[in-house]
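J.: My request is simple: use the sequences and hints to build the entire structure.
Protein sequence lines, in the order shown, are assigned to chains A and B. Under my numbering, the first residue of the first sequence carries the number 47, and numbering increases by one thereafter. Under my numbering, the first residue of the second sequence carries the number 2, and numbering increases by one thereafter.
Read the hints as simulated data drawn from the structure, not as lab findings. Treat the hints loosely; a few may be bogus.
[Unchecked claim] Calculated lysine-lysine pairs in the BS3-like style (CA-CA distance at most 25 angstroms, straight line):
#: 1; chain 1: B; residue 1: Lys169; chain 2: A; residue 2: Lys66
#: 2; chain 1: A; residue 1: Lys51; chain 2: A; residue 2: Lys116
#: 3; chain 1: A; residue 1: Lys51; chain 2: A; residue 2: Lys100
#: 4; chain 1: B; residue 1: Lys197; chain 2: A; residue 2: Lys177
#: 5; chain 1: B; residue 1: Lys188; chain 2: A; residue 2: Lys177
#: 6; chain 1: A; residue 1: Lys177; chain 2: A; residue 2: Lys51
#: 7; chain 1: A; residue 1: Lys177; chain 2: B; residue 2: Lys196
These numbers come from a predicted model, not from an experiment.
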Amino acid sequence: MAAAKAARVGEEVWKTRIDKVNAELVTLTYGTVVAQLCNDYDSNYVEVNKQLDKMGYNIGMRLIEDYFAKSGSQRCANFKETAEAISKIGFKIFLNITPVVSNWSPDGKQFTLTFEENPLADFVELPDDGKAQDELWFSNILTGILRGALEMVQMQIEAHFTSDVLRGDETTEMRVTLLRYMDDELPPDDE
Amino acid sequence: MSYYFCIIGSRDNPLFELEFGTSKQGGDGIARFPPEARQLNPFVLHASLDVVEEVQWINPQMYLKRIDHFGSSQVSCFLTPTSTKFLLLHLPHPPNTSPSLQNHGQNPHMFPPYASYTTSAPSSSLLTRASATGGAGNAATIPTNPASPQAEEAVRLFFTEIFEVWVKSIMNPFQSINKTLSSPVFKSRVLTAGKKFL
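T.: In structure tokens, the structure reads:
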């Protein structure tokens, strides 16, 4: 039920309130950023993943405000609702994709996002240096975006890619884990 | 028919090369260049770049058709707007047989050893052999006579397809422009296009 509502909101906002840009612009810009990072870090892909995640974190912290402003959606009652909102509103209005939410853990704190399409990775073939295929998560900026965005609304999460079609996997999947809700805590040394 | 396909960058640097055979008329898609020809092919294509330079500013088309020949090998060219050249060398012979075997009996000392130097059209013995084995019809002319309109059209379709997959390949952010194209995906796409049209 929550899913259907989220889908409706996402569709509506995408149609009426979003400025569109050319897909190649996004794809090529993001691709260039990743390629440049690989260059700068001398193909240290672990570090590239980290940097992408950091960039995403900074984007996410801002994007969440934009998300609420555009979608006008309310606080989510539970993490399942959050997952639906991420997939059907968040990804829909910013990338026009709706990754499938599935594979919930029994405690309802972990789920998998399956990306059937990924506009960031069009045209991309990972470098054939025997390392990138095993180490680089090309779209790792997305994990950072989720982490940053949810942190701003009092949810500490951990997100990582578990498979990527660019690496030759069947699907592109991201695992998202809720660590805790951050309830109005005082900063660490604010006694 | 055996094919040698090569992409030459805008600074006349080779970016990609691939040999394959015809898949029409029951061909198995394996190139059957004589060993001497295999060594000569890159030179033949490189030599034809002079002709490309001559015609590229007077011909508004990207597909420049057959531009050069060496012995019975023909060279077709497709020129992209950024001056990257797709060159295709075709050596006509009936599918699934080796061209060197046929000429061996006639004149073993002929140079180039696999064909006569003088004509641009395939020798008559090749033609009769093809019509005897492969039967008549449109398909028969593609693998044996590169001068025929059908063959030219087939090569045009091949180049157009290659142009499309090549554009996709150079859109890959990890692919530097004017650097060797080593992507296995691109190679398999070229092979598919070759199978489909040639």
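J.: For every hint, state whether the structure bears it out.
T.: Taking the hints in turn, this is what the structure says about them:
no.: 1; hint: Lys169/B / Lys66/A; in the structure: 23 angstroms, holds
no.: 2; hint: Lys51/A / Lys116/A; in the structure: 16 angstroms, holds
no.: 3; hint: Lys51/A / Lys100/A; in the structure: 32 angstroms, violated
no.: 4; hint: Lys197/B / Lys177/A; in the structure: 34 angstroms, violated
no.: 5; hint: Lys188/B / Lys177/A; in the structure: 21 angstroms, holds
no.: 6; hint: Lys177/A / Lys51/A; in the structure: 43 angstroms, violated
no.: 7; hint: Lys177/A / Lys196/B; in the structure: 32 angstroms, violated
Consistency with the previously given hints fails for numbers 3, 4, 6 and 7, ordered from lowest to highest.
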